[in-house]
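Student: In case you want the letters, here they are:
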Amino acid sequence: MSIQLTLQEITEQLGGTVTGFEGTLIKRVGSLGFAQAGAISFFSDIKYTTQLHNTTASAVIIKPEHAGLTTLPKIISDNPYTYFARLSQLFNPEYVAPIGVQSTVVIDATARISDSCSIGANTLIEANVTLGENVTIGPGCMIERNSFIGDNTKLEANVTIKHNTQIGRNCHLFSGCVIGNDGFGYAESATPDNQKYWIKIPQIGRVVIHNYVDIGANTTVDRGTIDDTIIEEGAKLDNLIQIAHNCRIGAHTVIAGCVGIAGSAVIGKHCKIGGAAMILGHLSIADNVTISPGSMVMRSIQKSGTYTALMPFQEHDAWLKTAANIRHLSQLTDKMKQLTDKIKSLEETVEKLTSQRQT
Amino acid sequence: MSIQLTLQEITEQLGGTVTGFEGTLIKRVGSLGFAQAGAISFFSDIKYTTQLHNTTASAVIIKPEHAGLTTLPKIISDNPYTYFARLSQLFNPEYVAPIGVQSTVVIDATARISDSCSIGANTLIEANVTLGENVTIGPGCMIERNSFIGDNTKLEANVTIKHNTQIGRNCHLFSGCVIGNDGFGYAESATPDNQKYWIKIPQIGRVVIHNYVDIGANTTVDRGTIDDTIIEEGAKLDNLIQIAHNCRIGAHTVIAGCVGIAGSAVIGKHCKIGGAAMILGHLSIADNVTISPGSMVMRSIQKSGTYTALMPFQEHDAWLKTAANIRHLSQLTDKMKQLTDKIKSLEETVEKLTSQRQT
Amino acid sequence: MSIQLTLQEITEQLGGTVTGFEGTLIKRVGSLGFAQAGAISFFSDIKYTTQLHNTTASAVIIKPEHAGLTTLPKIISDNPYTYFARLSQLFNPEYVAPIGVQSTVVIDATARISDSCSIGANTLIEANVTLGENVTIGPGCMIERNSFIGDNTKLEANVTIKHNTQIGRNCHLFSGCVIGNDGFGYAESATPDNQKYWIKIPQIGRVVIHNYVDIGANTTVDRGTIDDTIIEEGAKLDNLIQIAHNCRIGAHTVIAGCVGIAGSAVIGKHCKIGGAAMILGHLSIADNVTISPGSMVMRSIQKSGTYTALMPFQEHDAWLKTAANIRHLSQLTDKMKQLTDKIKSLEETVEKLTSQRQT
Numbered sequence: 413m414s415i416q417l418t419l420q421e422i423t424e425q426l427g428g429t430v431t432g433f434e435g436t437l438i439k440r441v442g443s444l445g446f447a448q449a450g451a452i453s454f455f456s457d458i459k460y461t462t463q464l465h466n467t468t469a470s471a472v473i474i475k476p477e478h479a480g481l482t483t484l485p486k487i488i489s490d491n492p493y494t495y496f497a498r499l500s501q502l503f504n505p506e507y508v509a510p511i512g513v514q515s516t517v518v519i520d521a522t523a524r525i526s527d528s529c530s531i532g533a534n535t536l537i538e539a540n541v542t543l544g545e546n547v548t549i550g551p552g553c554m555i556e557r558n559s560f561i562g563d564n565t566k567l568e569a570n571v572t573i574k575h576n577t578q579i580g581r582n583c584h585l586f587s588g589c590v591i592g593n594d595g596f597g598y599a600e601s602a603t604p605d606n607q608k609y610w611i612k613i614p615q616i617g618r619v620v621i622h623n624y625v626d627i628g629a630n631t632t633v634d635r636g637t638i639d640d641t642i643i644e645e646g647a648k649l650d651n652l653i654q655i656a657h658n659c660r661i662g663a664h665t666v667i668a669g670c671v672g673i674a675g676s677a678v679i680g681k682h683c684k685i686g687g688a689a690m691i692l693g694h695l696s697i698a699d700n701v702t703i704s705p706g707s708m709v710m711r712s713i714q715k716s717g718t719y720t721a722l723m724p725f726q727e728h729d730a731w732l733k734t735a736a737n738i739r740h741l742s743q744l745t746d747k748m749k750q751l752t753d754k755i756k757s758l759e760e761t762v763e764k765l766t767s768q769r770q771t
Numbered sequence: 413m414s415i416q417l418t419l420q421e422i423t424e425q426l427g428g429t430v431t432g433f434e435g436t437l438i439k440r441v442g443s444l445g446f447a448q449a450g451a452i453s454f455f456s457d458i459k460y461t462t463q464l465h466n467t468t469a470s471a472v473i474i475k476p477e478h479a480g481l482t483t484l485p486k487i488i489s490d491n492p493y494t495y496f497a498r499l500s501q502l503f504n505p506e507y508v509a510p511i512g513v514q515s516t517v518v519i520d521a522t523a524r525i526s527d528s529c530s531i532g533a534n535t536l537i538e539a540n541v542t543l544g545e546n547v548t549i550g551p552g553c554m555i556e557r558n559s560f561i562g563d564n565t566k567l568e569a570n571v572t573i574k575h576n577t578q579i580g581r582n583c584h585l586f587s588g589c590v591i592g593n594d595g596f597g598y599a600e601s602a603t604p605d606n607q608k609y610w611i612k613i614p615q616i617g618r619v620v621i622h623n624y625v626d627i628g629a630n631t632t633v634d635r636g637t638i639d640d641t642i643i644e645e646g647a648k649l650d651n652l653i654q655i656a657h658n659c660r661i662g663a664h665t666v667i668a669g670c671v672g673i674a675g676s677a678v679i680g681k682h683c684k685i686g687g688a689a690m691i692l693g694h695l696s697i698a699d700n701v702t703i704s705p706g707s708m709v710m711r712s713i714q715k716s717g718t719y720t721a722l723m724p725f726q727e728h729d730a731w732l733k734t735a736a737n738i739r740h741l742s743q744l745t746d747k748m749k750q751l752t753d754k755i756k757s758l759e760e761t762v763e764k765l766t767s768q769r770q771t
Numbered sequence: 413m414s415i416q417l418t419l420q421e422i423t424e425q426l427g428g429t430v431t432g433f434e435g436t437l438i439k440r441v442g443s444l445g446f447a448q449a450g451a452i453s454f455f456s457d458i459k460y461t462t463q464l465h466n467t468t469a470s471a472v473i474i475k476p477e478h479a480g481l482t483t484l485p486k487i488i489s490d491n492p493y494t495y496f497a498r499l500s501q502l503f504n505p506e507y508v509a510p511i512g513v514q515s516t517v518v519i520d521a522t523a524r525i526s527d528s529c530s531i532g533a534n535t536l537i538e539a540n541v542t543l544g545e546n547v548t549i550g551p552g553c554m555i556e557r558n559s560f561i562g563d564n565t566k567l568e569a570n571v572t573i574k575h576n577t578q579i580g581r582n583c584h585l586f587s588g589c590v591i592g593n594d595g596f597g598y599a600e601s602a603t604p605d606n607q608k609y610w611i612k613i614p615q616i617g618r619v620v621i622h623n624y625v626d627i628g629a630n631t632t633v634d635r636g637t638i639d640d641t642i643i644e645e646g647a648k649l650d651n652l653i654q655i656a657h658n659c660r661i662g663a664h665t666v667i668a669g670c671v672g673i674a675g676s677a678v679i680g681k682h683c684k685i686g687g688a689a690m691i692l693g694h695l696s697i698a699d700n701v702t703i704s705p706g707s708m709v710m711r712s713i714q715k716s717g718t719y720t721a722l723m724p725f726q727e728h729d730a731w732l733k734t735a736a737n738i739r740h741l742s743q744l745t746d747k748m749k750q751l752t753d754k755i756k757s758l759e760e761t762v763e764k765l766t767s768q769r770q771t
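Residue numbers (the working numbering), protein chains in the order written: chain A, 413 to 771; chain B, 413 to 771; chain C, 413 to 771.
Each hint can be trusted.
Each pair may be met inside one copy or between any two copies, as identical chains are not told apart.
Straight-line distance between alpha carbons at most 27 angstroms, and here's what the computed BS3-like set of lysine-lysine pairs gives: (1) LYS459 - LYS475; (2) LYS733 - LYS756; (3) LYS715 - LYS733; (4) LYS733 - LYS684; (5) LYS612 - LYS681; (6) LYS764 - LYS754; (7) LYS608 - LYS715; (8) LYS459 - LYS733; (9) LYS733 - LYS747; (10) LYS612 - LYS439; (11) LYS764 - LYS747; (12) LYS749 - LYS733; (13) LYS749 - LYS764; (14) LYS475 - LYS612; (15) LYS608 - LYS684.
Honestly, the hints are just simulated from the structure, not real lab data. Being a predicted model, the structure only gives us computed values, none of them experimental.
Model the full assembly from the supplied sequences, consistent with the hints where possible.
Tutor: Right, here's the structure in full:
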């Protein structure tokens, strides 16, 4: 049942060239550190050279310039990590849930569901929902009215899709994510005796997710206030991310875990947003921008590049001094100005003394 | 079926005055940027003047001092955003789930549920739960024993309410939120051979939520250790927020997404906590305090105002220098002291030279 | 039904010595601030002395050196908080869900479930799942194929366990947590016309959770890419935490809410990670390290201690100046060098003048 391929057979399918015994039989992928017999691993950074030397892998995928670092049978590729990804997909085909509707599923009579779909136990599908071909809906999912889910898209267990949501083809939504939740929109009002309180702005826009988008576990994507919140093609979102109302996330942008993107922010294409970074509302970020992890972006970014906002970490006692110094930076700057003035004045006096001396 | 109102009819209901054709027919609300025909939008900040000039909206809600900026029919209001919120509520009445109990719901015989309630599919309601009038419980919710939910309160799909929770009237809880989870309380203990480990402190307090509170998707509010965790009237919480045990959140305070509030913190009324801000445990924050997004609050705040703790963001190379400089701030400060001393000494010497010269 | 114990009976079970009336009857635990009659509280920090003086508790657990601060009956213990934790466990035994399988549960025929287990409503248990003795699975849980859950472990409502997950004995998993979600692994690829896109790395490792581990509400623990993600014995994780693929969390480490730990990070034993702290990928943190709340860890930490990276918070206007000064730190440092040079030059000139004067 399980797959076995020689290095030669692998390169016939995925390209690259073999160095060493072409008949080396590969049964699985493995990490350099813990590979089992029959595993192929990859090497793409010389900081792992020790692991390469000690690996129990049977073969390795490696760049041409690193090929000399090991005597193992190897596949030469300019991009070992991407090659490894494709090879791992080959050895580990995605699990296919059984086609058909499980017991305890509640489906509204007006929903349109292809025969090729798989619907897990205890799932609810409301009125006028449309599912394309080969859609997989995990157990415990709630798909609200008027939503659309495109071909081959897969929802893991316990996903919540709110009404009117549009999801493209070949997307993958992970457990606990909530798509199309009301945005956080309130306007301040006051009672006749001037007691302030908040009134809710109805959130009547949708979430529109294009094709090939992945959305991580427990991530929330809010619906637009009036216009739509949009996640463009090929964007990949990790776990526990908050995408607020009216945002637009550009195509092929990756966003790591714990990121928050505030309302109406527009993120460009091919951006990389590091974990726990935050982007304020109504900002716009150009294409190909990298935001370092943990960095708060407070202004729009017009030009591609890497941007960072992080306090360096220190032992706590050193940090206490640093924090005090930061709090007194203004005084330090003021003092610097005073010193500059004093030096100027001293220089003049000394200049005078010197010239008097010389006369 | 859909609502249509003239500007005059709108002002009869919501106040304000019309400038331009009072019979202008309004069918929907819209954004300045993407309004459809028949839409009314709002304008409250001159930085959107270009959008106002280009808008395809049929009318606009605008402040008296901005009325001259457009020739469109308009409603004059001192607070266009709040006016727009009320008008949007008029055009977009909240969805009303069908009254009654859906199939596949499990309800304990001792639960008290008004006939006016709506209970979604696959929901569980445990022993001694009480639901008031017109309560809506979405599908997939779990309402544990002895909980109380007041009139008109709405739970979206997949909400978890732990035992003994009290929720007031007119609240709105969004998908994936968990209310009344055990707080994170452990005491350090050790085995006879001094191996340290943690023992759990039972969390026997409750969560008590007052009226008109909203709680966002995947937000967690922990039960108190002994006393209760309390969210006061009219507070609004966004998505992915953590409220730890024993906290008290003041009335009408708004908390944006990704915020964490540690145990036993007490937040005042009418505060505004920006996204991803963090408040340490056992602190107390006065009324009317604004915390900037991403700011860590490390001490109690006694007086209203805006507080901030953020590293400015920079291009990565500039930041690298900044970070190095911050790490060396103590040396910079020390050096400044040395220079100050040297200058003082120089001044004295020069003074002496000058006075000698003059004698 | 409810438990009542005299101070003497308590010390017979839990140790410590009584000062004052040994027959004082205790019915419950309470906080110093809000204790009811018959409650016992604890005192371990002199900053709560005022609360101790005003308490309505009937008795108090207190350190020997603080015993003189109150005339109340008391139990003397070196560690009042831990003593209180054990006593609270005694007065508040954990709720035991009814043994047996609730209606509307879907269990695969190949699952192995002990008769001593409790399975809540609307739960799904897939093929080849094994549950040990006295396992409690709350309502709405999804336990995917081939997973194992050890004796006495408890899952609260709405927990998602992905396929092949291993969970030890006496663990406690809270609502909304997602264990074994695919890690966030993609490799960059390009179309023939050089359009970049991301391809998914199959995530074929598992999550392995050792004994006595707690995992908070809406926390996510991702499965390993190839090797396993591991949470060692006795580790305690709070709510809304992200543990990325291939991480290893050391035994008895506590992690507070909103923390993010990036891929392949290895955290030592007995560490304390403060709320909203972030640890970058591939780092390793020694045993007994404390990370302050909100701190981003950017490099490995080899030695135990406390580490911090936080901007001090200030009133917003003061912060604006601080931020500007931080952005200009490089200029400040440069200017400092210029001033140092000038002073050096001045000193030389003055020295010369002085020596000339003296000659």
